[in-house]
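Could you slot chain B onto chain A? The hints should help.
Chains as they are written, first to last, in the numbering used here: chain A, 1 to 230; chain B, 1 to 115.
Only true hints are included.
Straight-line C-alpha distance at most 25 Å; calculated DMTMM-like pairs for lysine to aspartate or glutamate:
| hint | chain 1 | residue 1 | chain 2 | residue 2 |
| --- | --- | --- | --- | --- |
| 1 | A | K138 | B | E3 |
| 2 | B | K43 | A | D172 |
| 3 | B | K55 | B | D66 |
No lab work stands behind these hints: they were computed from the structure.
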Amino acid sequence: MHIPDGYLGPPTYLAAYAACAPLWAIAARRLREKLSARRAPLLAISAAFTFLVMMFNIPLPGGTTGHAVGGVLIAIAVGPWGAMLSITIALTIQALLFGDGGITAIGANCFNIAFVMPFTGYGVYSLLSRLLSSEKGKAVAAGIGGWVGLNAAAFTTALMFGIQPLLHTGADGRALYAPYPLSVAIPAMMLAHLTLAGAVEGLITGLAVYSLRRSQSAWVLQAAAEETAQ
Amino acid sequence: MKEHRRLWAVLIVLALVSPVGLYLPKVMKAGSAWGEWGVGEIKQMIGYAPAGMEKKAEIWKAPIRDYTLPGREQALLSHLSFWYILSAFVGIAACGGGGYLLTRWVTGSRGKRRP
Numbered sequence: 001m002h003i004p005d006g007y008l009g010p011p012t013y014l015a016a017y018a019a020c021a022p023l024w025a026i027a028a029r030r031l032r033e034k035l036s037a038r039r040a041p042l043l044a045i046s047a048a049f050t051f052l053v054m055m056f057n058i059p060l061p062g063g064t065t066g067h068a069v070g071g072v073l074i075a076i077a078v079g080p081w082g083a084m085l086s087i088t089i090a091l092t093i094q095a096l097l098f099g100d101g102g103i104t105a106i107g108a109n110c111f112n113i114a115f116v117m118p119f120t121g122y123g124v125y126s127l128l129s130r131l132l133s134s135e136k137g138k139a140v141a142a143g144i145g146g147w148v149g150l151n152a153a154a155f156t157t158a159l160m161f162g163i164q165p166l167l168h169t170g171a172d173g174r175a176l177y178a179p180y181p182l183s184v185a186i187p188a189m190m191l192a193h194l195t196l197a198g199a200v201e202g203l204i205t206g207l208a209v210y211s212l213r214r215s216q217s218a219w220v221l222q223a224a225a226e227e228t229a230q
Numbered sequence: 001m002k003e004h005r006r007l008w009a010v011l012i013v014l015a016l017v018s019p020v021g022l023y024l025p026k027v028m029k030a031g032s033a034w035g036e037w038g039v040g041e042i043k044q045m046i047g048y049a050p051a052g053m054e055k056k057a058e059i060w061k062a063p064i065r066d067y068t069l070p071g072r073e074q075a076l077l078s079h080l081s082f083w084y085i086l087s088a089f090v091g092i093a094a095c096g097g098g099g100y101l102l103t104r105w106v107t108g109s110r111g112k113r114r115p
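Bound conformation, chain A alone (with noise of 0.2 Å):
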């Protein structure tokens, strides 16, 4: 999910830039009036996180890999603009040192992974929870929200890969940035991310949420979700 350098052409990649300026901004603000001190570490430890889950690439339906993200749970620990801040480092860093998704491409990666994940899952996980209150129905609740976060991702990756053949062919009908279009691209990614790469998300959000809450770590759950949320 991490789009490379040369996939996507300029006004792609300064458009993703350009709409995360503003919620980078808001979600420096949101935290910095309301991150408790206590809770600052937590900012780090997702960052941290987020980068060793993806890591762990697991093979899909299709011939491809893909691995989950944690961006969900992580909404849940810090609330969704915390989540973007840290998902952005993680990105950020997986660019820089390691070649993991291009330089030009950073504000794509991050308005899908940073911004378009945490804020569904959340969404649909504060929607879920609210019907499904015991402690088993908030681990379902999260794990559902983690495999609608996952796939928002990978449907709005799919979607900036689909328009390039539409922005940028030449005259010899020769794609100019990523050659596939969204009939190819969308179905390719669908495929390989609302089977197994979801279940994985979900499995990991749901168990981590569930385990996190009955080992009283409620706190990390509850209060700090609550002070960044909306």
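Chain B alone, transformed into the frame defined by chain A:
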């Protein structure tokens, strides 16, 4: 704090078992992630290298590319695993440090802003 220490311990365990993410795709003979192919791979798939992609793909030389040493991508899995674990710890340090600095910067300016 005890709670935080426990979370850091979980991260260290994750780093130590990270080569699972290296072995599983190799064992199952899975290819690259969709949309993360190298220019050479693209050329094989569609018959040409897109001009813009060819120009921009190498715009940045990451020091620990693909979580291993440059030029060692074909090394034995056991060697790759070693570099993978090392990369995981570099990642923990960099992300932890980055997260710490960002939090300091964000919450540090709170005091000045409020009279």
